[in-house]
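> Guided by the hints, dock chain S with the ligands onto chain W, whose structure is given.
Chains W and S, in that order, give the protein sequences.
Each residue of the first sequence is one higher than the last, beginning at 445 in this note's numbering.
Each residue of the second sequence is one higher than the last, beginning at 1317 in this note's numbering.
Honestly, the hints are just simulated from the structure, not real lab data.
Each residue gets a CB set at the ideal place from its N, CA and C atoms; glycine is no exception.
Watch out, some of these pointers could steer you wrong.
Said to hold, decoys possible - So the derived label-pair ranges between C-beta atoms look like this:
| # | chain 1 | residue 1 | chain 2 | residue 2 | range |
| --- | --- | --- | --- | --- | --- |
| 1 | W | 760 | S | 1513 | 44 to 50 Å |
| 2 | W | 632 | S | 1510 | 36 to 42 Å |
| 3 | S | 1464 | W | 503 | 48 to 54 Å |
| 4 | W | 501 | S | 1514 | 45 to 51 Å |
| 5 | W | 608 | S | 1464 | 49 to 55 Å |
| 6 | S | 1514 | W | 541 | 32 to 38 Å |
| 7 | S | 1339 | W | 760 | 26 to 32 Å |
| 8 | S | 1588 | W | 523 | 32 to 38 Å |
| 9 | W | 630 | S | 1343 | 33 to 39 Å |
| 10 | W | 625 | S | 1406 | 32 to 38 Å |
| 11 | W | 753 | S | 1397 | 50 to 56 Å |
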Amino acid sequence: MYPRIAMSAHAIRKIRRAALHVCLPLLLAAGNTDAAPLGLALALNSADGTISLIDMDTYKVVGKAVACKEPHHLMPSPDDKSVIVACSASNQLVFFDPLTGKEQKRIRNISDPYQLGFSPDRKWFVSNSLRLDRVDLYDASDFTLKARLHAPRTPSHMAFDAASEYVFITLQESNEVMAINLKTLKKEWVMPVGPTPAGIVMTPDNRYLLVAIMGEGYVEVIDWKTQKTIKKVPTDTAAHNLHPRGDGRYYFVSNRSVSGGSISLLDTQTMTVVEKYDVPGGPDDMEVRADGKELWATARFGRRVQVVDLTTKTLKTSIPVGSSPHGVFFLNHAPRK
Amino acid sequence: MFQQFLDTFVIVQGWLLDHVVQPPLLALGLGSYLEVAFDGVEFFLYGVLQLSIAYLLLRPLEHFRPLEHWADRKAVRVDVLYTFLDRLGIVPLAVFALLSPLFMSLEGWLRFHDIIPPQLEDAFPSLESYPLFSFFVYLVILDFAEYWRHRLSHTLRWWWALHVIHHSQRQMSLWTDSRNHLLDDLIGGAWFALIALGIGVPPGHFVGLMVAVRIVENLSHVNARLSFGWLGERLLVSPRYHRWHHAVELPAGAQYRYGCNFAILFPVWDRLFGTQYLGEELPATGVQSTVLATPAHADHFWAQQKDGLAGLFRAVKATLGSERR
Ligand SMILES: [Zn+2]
Ligand SMILES: [Zn+2]
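Isolated chain W (complex conformation) (with noise of 0.2 Å):
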C-alpha cells in the first residue's frame, strides 16, 4: 500500500542524489554552490491529505505523496529514520522516509492523534486528541497503549522536561497547561495561562516552559517548578508556535495572522524579542535549515511554504503547496535545542 508519488523522472534522479549524498557533512557545504544537494523538505497539507515533496535546491515541488485522511502534524521519529504523520480521522500513524518521501509502515488503532510527542528519553510517545479532549501515553518502543486521560478542553502542544519525568500540554480552550507526571502517569497540575495558549516549548536550560498565547500575542514565561508566570514576552498578533534556532539560545516563535503574519525572534536569555520578520499566510510550523541560514514555516492559511532568509531577514522565495499546510521538515536540519 504504497502512497501514489508522482514526480518526474527528473526529479526522481535528483532526490536520489539527494539521498546519496545527504548523509555526509552538510555543514561543509555551507556558502558552496557546487555543494552536495540540500534534500528533501517535506510539508504536510492537512487538508489535502498529502505531503508535498520540496527540492530545497530549486525551491520547487517534485512530488507528492498521499498520507491519509485529515492529517494533522508531522513529527520525526527520535532518530530522524522517519518522519510521523497523525491521522487524526483515520486513526493512524504513516511513517515516510525523510529522504525519498516514500511510505514506510502505518500503526493502525492510534485513536484520533492530533499532536504527538517523543519525550527525551524516547521512553513515551505522546499523543493529543485536541477535538475529543484526551491525552494518550503509548509506550513508545512498540506503540502500546499506557495510560489515557481526560483533559479538557482541547489539547494542543506538548513539551517535556530533559528527566523525562513531565509531559506539559496547552489545553487550549480551558487557557490553562496541564502537567502529567510520566512515572504515575497522572494528572499532577494544572495552572491558568493567558488566552488560547498553543505551542510550548522547554528552555534548553530546563528552567521555564515558553507558551505561545494566540488570544493576546505574547509568549509567556512560565518557571514550572513553581508553576509561576514569570514574564509576558509580546510578539504579535496570534503568536502561536516556538522552534529553536538551534545555538541553545534563541527561539522563533511563528505569530499566525493571515495578512499581518511573522515570525519574532526570542532571546531565551533575556526574554526579549530581538528581531521580526514579516511572513504572511499565517505561519505556523517551522523548520531551520542545519547552516542556519533559511527559516522555513508553513503558511497555513496561505497555501504555501515560506522561506526566509536568515541573512537578509526577508522572505527569500514562496512556494505553492496544498491546502492547509501543517508542519515542515527537512533532515537538513539544525539542532533541535
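Leaving out everything else, chain S with the ligands in the frame of chain W:
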C-alpha cells in the same frame, strides 16, 4: 491559471479572516475557534462560487428554454432566501453548533472506552492509497443513505409534515433544492453524523467535486426543458426525473403511494427498490392544496417554518390518538 485562481481565493479568504472574523474571535477569547472559522470562511467562499456557477449556467437555461411560463417570479424569492441560508453556511453552521456537542461527547465516550468508530478504510485499506476512488465510494454510500432518508421523510407522517415544505413550491426552479424546513435540515445533519460514526467521513479535499454535486442538485430542480438522453436519465438524477418526484399528481400504482424517484444523485436506488418512474411528460409540480395548513402563507419563510411545526404537532397527536383507540 489554477494557481492564479488559488492565489486570489487565498487573498480573499485571508482578508475576510483577518478583517472580519479574527478580531471579534480574539476579542471574545475564542481564538481556539480560528481554524474552524477559517474553514467556515472557506465554506462560505465555495458556496459563493458554487452559486455563481449554478446561476450563470442554469439561469440562462430557465430564461431561454423555460418549461413553465410564469407571470412573475415572486414565488421563487423565498427559495432564493433558503438557498443563501443553506449554501453560504448559515444553516449548516447552526446545525453543526447544535449537533456537535452531542456527537462529540458520544464519540469521546466511545473512544475513551477504546471503541474506535469504524471506517470504510479499515475494511478496505487500499482505499487509503486512492483518495479519489475512496471519495466516490463514500459518495455512493452516502447517496444510498440519502435515498432512504428521503423516502422515510415521505412515508412517516410526522416527517412528511416537515418535508412537504420542500414540495409546496409550484414554481420549481434552480433555487428550490435548499427549500427545507429547518428542523428537517437538523434531522438531515444528525442522519449524516450517525452514518459518519458508522463508516467514517469521506476524504474532504475534493472541493471541486463537492461543488459539482451541489450544482447537480440545483440542476435537478431547474425550470427548463432538458434531457440527459436515454442513458443519462438512468445514471444521474435529471430535471425531468426529479420533476416526477415533485409532481402534484403522482403516477398510479401502489409502489408510488408515498411518491416516486426519491434518489438525490443516482437513480439506481429507485430502480433497485421499486420506486422509479420514468415518465416522458413533464408534470405540474407542488402538492394538493388540502395538504398544506395555510397555503396563503406559502411564500413566507417564517410562515412556512411555523406551518411545518404545526403540521408535525398535528401528525404526532393524530398518531398518538389512533394508538389510544
Ligand atoms: Zn421529497
Ligand atoms: Zn426536490
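> Decide, hint by hint, whether the structure agrees.
Do the hints match the structure? See the list:
no.: 1; hint: W:760 x S:1513: 44 to 50 Å; in the structure: 46 Å, holds
no.: 2; hint: W:632 x S:1510: 36 to 42 Å; in the structure: 39 Å, holds
no.: 3; hint: S:1464 x W:503: 48 to 54 Å; in the structure: 51 Å, holds
no.: 4; hint: W:501 x S:1514: 45 to 51 Å; in the structure: 48 Å, holds
no.: 5; hint: W:608 x S:1464: 49 to 55 Å; in the structure: 53 Å, holds
no.: 6; hint: S:1514 x W:541: 32 to 38 Å; in the structure: 35 Å, holds
no.: 7; hint: S:1339 x W:760: 26 to 32 Å; in the structure: 30 Å, holds
no.: 8; hint: S:1588 x W:523: 32 to 38 Å; in the structure: 54 Å, violated
no.: 9; hint: W:630 x S:1343: 33 to 39 Å; in the structure: 37 Å, holds
no.: 10; hint: W:625 x S:1406: 32 to 38 Å; in the structure: 46 Å, violated
no.: 11; hint: W:753 x S:1397: 50 to 56 Å; in the structure: 52 Å, holds
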